[in-house]
Amino acid sequence: MREVFVAGIGITSFTRLEYPLVEIAAYPGLMALRDCGLNKIDQLYVANMGAGRVNHQTGLASAVVDNLSLTPAGADGIENGPASGASAIKQGFMAVASGLHDVVMVIGAERMREVNNLEATDFVATLTHPMAEYIYGVTLPSLAGMFTRLYMEKYGVTSRHLAMVAVKNHQHAMDNFYAHIHEPITIEGILDSPEASTNNPYVADPLRFYDCCPVSDGAACLILTTADIARKTGKPLVRLAGVGQATDTHSVADRKEPTDLLAVREAARKSFEMAGVKPSDVSVAELHDAFTILEIVESEEVGFFPKGQGHIALAEGATKLGGKLPINPSGGLKAKGHPVGATGVGQAHEIVLQLRGEAGKRQVKNAKVGFTCNFGGFGNNVVCLTFVKEK
Amino acid sequence: MEYNIYAYKCKRCGHVQYPYRTICRNCHENDHNEFDIVPLPKKGKLLTYTILYNPPSDYETPTISLGIVELEDGNRITGQLKIDKPKTGMAVVGRVEIVRNESYNEYRGMVFYKA
Ligand SMILES: [Zn+2]
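From first to last, the protein sequence lines are chains A and Z. Under the numbering used here, read the first sequence as residues 4 to 394, first letter to last. Under the numbering used here, read the second sequence as residues 245 to 359, first letter to last.
I should point out that these hints are in silico values taken from the structure, not numbers from a laboratory. Remember, it's a predicted structure, so these values are computed and weren't measured experimentally. Incorrect hints may appear among the rest.
Listed next, the in silico BS3-like pairs over lysine-lysine satisfying Cα-Cα at most 25 Å (straight line) [claimed, not checked]: (1) A:LYS394 to Z:LYS358; (2) A:LYS157 to A:LYS259; (3) Z:LYS331 to Z:LYS287; (4) A:LYS323 to A:LYS235; (5) A:LYS281 to A:LYS235; (6) Z:LYS331 to Z:LYS289; (7) A:LYS157 to Z:LYS253; (8) A:LYS327 to A:LYS281; (9) A:LYS157 to Z:LYS331; (10) Z:LYS329 to A:LYS323; (11) A:LYS327 to A:LYS235; (12) A:LYS310 to Z:LYS253; (13) A:LYS364 to A:LYS238; (14) A:LYS323 to A:LYS259; (15) A:LYS392 to A:LYS364; (16) A:LYS364 to A:LYS235; (17) Z:LYS255 to A:LYS259; (18) Z:LYS289 to A:LYS259; (19) Z:LYS289 to Z:LYS326; (20) A:LYS259 to Z:LYS331; (21) Z:LYS253 to Z:LYS331; (22) A:LYS327 to A:LYS259; (23) Z:LYS287 to Z:LYS253; (24) Z:LYS287 to A:LYS259; (25) Z:LYS358 to Z:LYS331; (26) A:LYS273 to A:LYS364; (27) A:LYS392 to A:LYS327; (28) A:LYS43 to A:LYS157; (29) A:LYS157 to Z:LYS255; (30) A:LYS310 to A:LYS364.
Just so you have them, the derived chain A footprint on chain Z, three or more residues with Cβ under 8 Å [stated by the list, open to error]: (31) 299-309; (32) 322-331.
The C-beta atom is built at its ideal place from N, Cα and C for all residues, glycine as well.
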């Protein structure tokens, strides 16, 4: 297997974007090519979840490869729910590692704000079990709400801990130009003040408005290549060292221990094992905080903290910028935004910036090993990536 | 007549699975038609719940309540709740009712009440 390096990166703002989806997808592709100075690729992978349903656009990869004038390169679309982005990176990794291709472009793109919030939520809800979940009106926030209640009762996580995740990630996003939300919040403002019940209402009890990520448009791109080609670009060398994926039952109710996220545990284990590093070696991580509870639980399941201790590490400040292990320096899905199919590529984009030392005000000092967890379904399909800074 | 929600009992190993899977989750040995269809029990205890304040647009109520119930046979099922003040661990009993009206299709599913 050949080693795989990140040559170029690009990203759009995660926000409401008034451009056709194909152009939204193409823009970070252009940025990534200019970033590394390459102008030809062998293969394009485009991650996206809703183009056919939300944007009336099928065959997205074929449209994007032509828009970027990269024909006759191969082009494939990847739909794997909210884990589409990291799944596409995994395909790119396999293509370069196997020797099939030398230069692979991976784009994740989504335009969800073309429809209203309820329609966007319903489109994402179609990933739930059709007969055991969807017909009951189950949405992702409702699965997260039921999961949160169990976690609170079993491990003593409180609304205050959840709010700490939101406050931290909103603060991180203040220094990320591309983030969806630039709004500093306080626990006082969203939990304690007389206005809190109005400005932070329940969405899926016990989860409130500020526990949920926004609905975003956006796209991000990584160009993956061999060691030789990566060296010639002159960019700081970042190696994609570990790729792990695992699945769990489609219906959440079906899990033996409903507070476990076994797919996260297994995907992370595989990713670390391939990279030859331990969770304690990680200097910076992007976790899939579509709901605040998920950042806490993923930080345990991937092995950063013991089970049931994630909220304690959070309260001690270990996971904020300047802490022992900064989590979601980009602002995370919570504040950077969550254009579903783009999210996994966006997470990797942040980690590459951090390992290159190009993250500006939110730079984690001496970042050497970076980690991403891209969480599909409600934990039924998870892809974890480990990146290592090389000399 | 009383409706049921059905589970699938493997003819090879006796494992009862809900929802349906083509291959038995326990023995992995069955052919696709090697299941007996058995009704799920209706009694159980509420494992967790949520009140959803912005239900999908085809619901006409401002909120819906959803829960996961551990049934008497150990199977778990997601269902709707018609319970004033739900509490985790409480005893509940299910009835099969219309749970969704979408694009002229009615779907029946389990609705739980206080036992
Ligand atoms: Zn069996």
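Structure-based check of all given hints:
1. A:LYS394 to Z:LYS358: With Cα atoms ~64 Å apart, LYS394 (chain A) and LYS358 (chain Z) exceed 25 Å; violated.
2. A:LYS157 to A:LYS259: With Cα atoms ~15 Å apart, LYS157 (chain A) and LYS259 (chain A) stay inside 25 Å; holds.
3. Z:LYS331 to Z:LYS287: Between LYS331 (chain Z) and LYS287 (chain Z) the Cα gap is close to 16 Å, so the pair holds against 25 Å.
4. A:LYS323 to A:LYS235: violated (35 Å)
5. A:LYS281 to A:LYS235: violated (30 Å)
6. Z:LYS331 to Z:LYS289: Holds, at about 10 Å.
7. A:LYS157 to Z:LYS253: Roughly 32 Å between the alpha carbons, so the hint for LYS157 (chain A) and LYS253 (chain Z) is violated.
8. A:LYS327 to A:LYS281: Holds, at about 15 Å.
9. A:LYS157 to Z:LYS331: holds (15 Å)
10. Z:LYS329 to A:LYS323: At roughly 37 Å apart (the allowed maximum being 25 Å), LYS323 (chain A) and LYS329 (chain Z) break the hint.
11. A:LYS327 to A:LYS235: violated (34 Å)
12. A:LYS310 to Z:LYS253: violated (34 Å)
13. A:LYS364 to A:LYS238: Distance of about 20 Å is within 25 Å: holds.
14. A:LYS323 to A:LYS259: Distance ~33 Å between LYS323 (chain A) and LYS259 (chain A) Cα, so the pair is violated.
15. A:LYS392 to A:LYS364: holds (19 Å)
16. A:LYS364 to A:LYS235: violated (28 Å)
17. Z:LYS255 to A:LYS259: holds (23 Å)
18. Z:LYS289 to A:LYS259: holds (16 Å)
19. Z:LYS289 to Z:LYS326: Cα-Cα ~14 Å, so holds.
20. A:LYS259 to Z:LYS331: holds (21 Å)
21. Z:LYS253 to Z:LYS331: violated (31 Å)
22. A:LYS327 to A:LYS259: Violated. LYS327 (chain A) to LYS259 (chain A) sits at ~33 Å, over the 25 Å cutoff.
23. Z:LYS287 to Z:LYS253: Since the Cα atoms of LYS287 (chain Z) and LYS253 (chain Z) sit roughly 19 Å apart, the hinted pair holds (cutoff 25 Å).
24. Z:LYS287 to A:LYS259: Answer holds: LYS287 (chain Z) to LYS259 (chain A) is near 19 Å, not above 25 Å.
25. Z:LYS358 to Z:LYS331: With Cα atoms ~10 Å apart, LYS358 (chain Z) and LYS331 (chain Z) stay inside 25 Å; holds.
26. A:LYS273 to A:LYS364: Given pair LYS273 (chain A), LYS364 (chain A) is violated - Cα atoms ~32 Å apart, limit 25 Å.
27. A:LYS392 to A:LYS327: holds (18 Å)
28. A:LYS43 to A:LYS157: violated (53 Å)
29. A:LYS157 to Z:LYS255: The hint is violated at about 37 Å.
30. A:LYS310 to A:LYS364: Since the Cα atoms of LYS310 (chain A) and LYS364 (chain A) sit roughly 32 Å apart, the hinted pair is violated (cutoff 25 Å).
31. 299-309: Coverage by chain A holds here, the residue count being 5 at a Cβ distance below 8 Å.
32. 322-331: holds (count 3)
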